[in-house]
Amino acid sequence: MKTMISKNWLVIPFIVSGAAFATEGPIGYVKTVTGDAYVTTAGNKQKANTGTPVFQGSELQTAAKSTLGVTFKDETVMSFGPETSLVVDEYLYAPREGKLKLGSKLAKGTLNYVSGSIAKLKPDAVSVATPTGTIGVRGTHFVVKVGDQAPAR
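The opening residue of the sequence shown carries number 2 in this note's numbering; numbering runs sequentially from there.
For the record, the hints were derived by calculation from the structure and aren't laboratory data. Cβ coordinates follow ideal geometry from the N, Cα and C atoms, glycine included. Check the hints yourself; a few may be wrong.
Unchecked claim - Below, in silico cross-link-like pairs of lysine-lysine (DSSO-like), each with a Cα-Cα straight-line distance of 30 Å or less:
1) 146 - 106
2) 102 - 74
3) 123 - 102
4) 74 - 146
5) 102 - 48
6) 121 - 109
7) 32 - 123
8) 66 - 146
9) 74 - 100
10) 32 - 102
11) 123 - 109
12) 48 - 106
13) 74 - 123
14) 66 - 48
15) 121 - 100
16) 48 - 146
17) 146 - 46
18) 74 - 121
19) 146 - 102
20) 46 - 106
21) 74 - 48
22) 48 - 109
23) 121 - 106
24) 46 - 66
25) 123 - 106
26) 123 - 146
27) 109 - 74
28) 109 - 66
29) 46 - 109
30) 32 - 48
31) 121 - 146
32) 32 - 121
33) 109 - 32
Said to hold, decoys possible - Label pairs and their calculated CB-CB ranges:
34) 41 - 99: 28 to 34 Å
35) 109 - 44: 19 to 25 Å
36) 130 - 100: 17 to 23 Å
37) 35 - 125: 32 to 38 Å
38) 26 - 51: 15 to 21 Å
39) 50 - 99: 30 to 36 Å
40) 64 - 123: 33 to 39 Å
Generate coordinates for the entire structure from the input sequences, incorporating the hints supplied.
Rendered as structure tokens:
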């Protein structure tokens with residue numbers, strides 16, 4: 002009997018952590034796609050279509066001559082130009098609790114950003130890291146382009 006109890010206690014943390022992961026859910030959805038675009042989450046790469054969910058940790062990619070538009074839960078809109086790659090590292094939207102964060106890394110390409118509630122309620126909670134620096138959001142709209150190669154220093 003003692004052995005069964007200890008085995009059950011080993012299983013409980015996995016059940017609890019799995020339930021917590023399952024309740025996180027999508028942080029946004031693909032709204033527009035032209036050409037070839039992809040959403041990669043937890044190593045699973047899928048072709049982006051209207052309605053494809055985006056999760057924290059998702060990588061969003063566009064091919065040549067392709068575009069992608071994503072709307073997040075707080076109504077932030079990100080539009081990606083051709084040959085763009087961005088990872089949504091952090092996303093926390095709990096305005097009633099004052100918990101707000103949107104952090105991403107733009108590896109290459111073009112991003113058109115229109116802020117939603119997170120940037121409006123807490124501007125310093127939004128950042129876009131690039132290979133050569135970090136953009137802090139202080140307004141409601143910006144466009145950034147990252148080339149394939151970082152400039153020589």
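Against the structure, the hints:
| no. | hint | verdict |
| --- | --- | --- |
| 1 | 146 - 106 | holds (12 Å) |
| 2 | 102 - 74 | holds (12 Å) |
| 3 | 123 - 102 | holds (8 Å) |
| 4 | 74 - 146 | holds (24 Å) |
| 5 | 102 - 48 | holds (27 Å) |
| 6 | 121 - 109 | holds (26 Å) |
| 7 | 32 - 123 | holds (25 Å) |
| 8 | 66 - 146 | holds (15 Å) |
| 9 | 74 - 100 | holds (14 Å) |
| 10 | 32 - 102 | holds (21 Å) |
| 11 | 123 - 109 | holds (26 Å) |
| 12 | 48 - 106 | holds (20 Å) |
| 13 | 74 - 123 | holds (15 Å) |
| 14 | 66 - 48 | holds (15 Å) |
| 15 | 121 - 100 | holds (13 Å) |
| 16 | 48 - 146 | holds (23 Å) |
| 17 | 146 - 46 | holds (24 Å) |
| 18 | 74 - 121 | holds (14 Å) |
| 19 | 146 - 102 | holds (22 Å) |
| 20 | 46 - 106 | holds (18 Å) |
| 21 | 74 - 48 | holds (21 Å) |
| 22 | 48 - 109 | holds (19 Å) |
| 23 | 121 - 106 | holds (20 Å) |
| 24 | 46 - 66 | holds (19 Å) |
| 25 | 123 - 106 | holds (19 Å) |
| 26 | 123 - 146 | holds (24 Å) |
| 27 | 109 - 74 | holds (24 Å) |
| 28 | 109 - 66 | holds (15 Å) |
| 29 | 46 - 109 | holds (18 Å) |
| 30 | 32 - 48 | holds (13 Å) |
| 31 | 121 - 146 | holds (23 Å) |
| 32 | 32 - 121 | holds (22 Å) |
| 33 | 109 - 32 | holds (21 Å) |
| 34 | 41 - 99: 28 to 34 Å | holds (31 Å) |
| 35 | 109 - 44: 19 to 25 Å | holds (20 Å) |
| 36 | 130 - 100: 17 to 23 Å | holds (21 Å) |
| 37 | 35 - 125: 32 to 38 Å | holds (34 Å) |
| 38 | 26 - 51: 15 to 21 Å | holds (18 Å) |
| 39 | 50 - 99: 30 to 36 Å | holds (35 Å) |
| 40 | 64 - 123: 33 to 39 Å | holds (34 Å) |
The earlier numbered hints are all upheld by this structure, with none contradicted.
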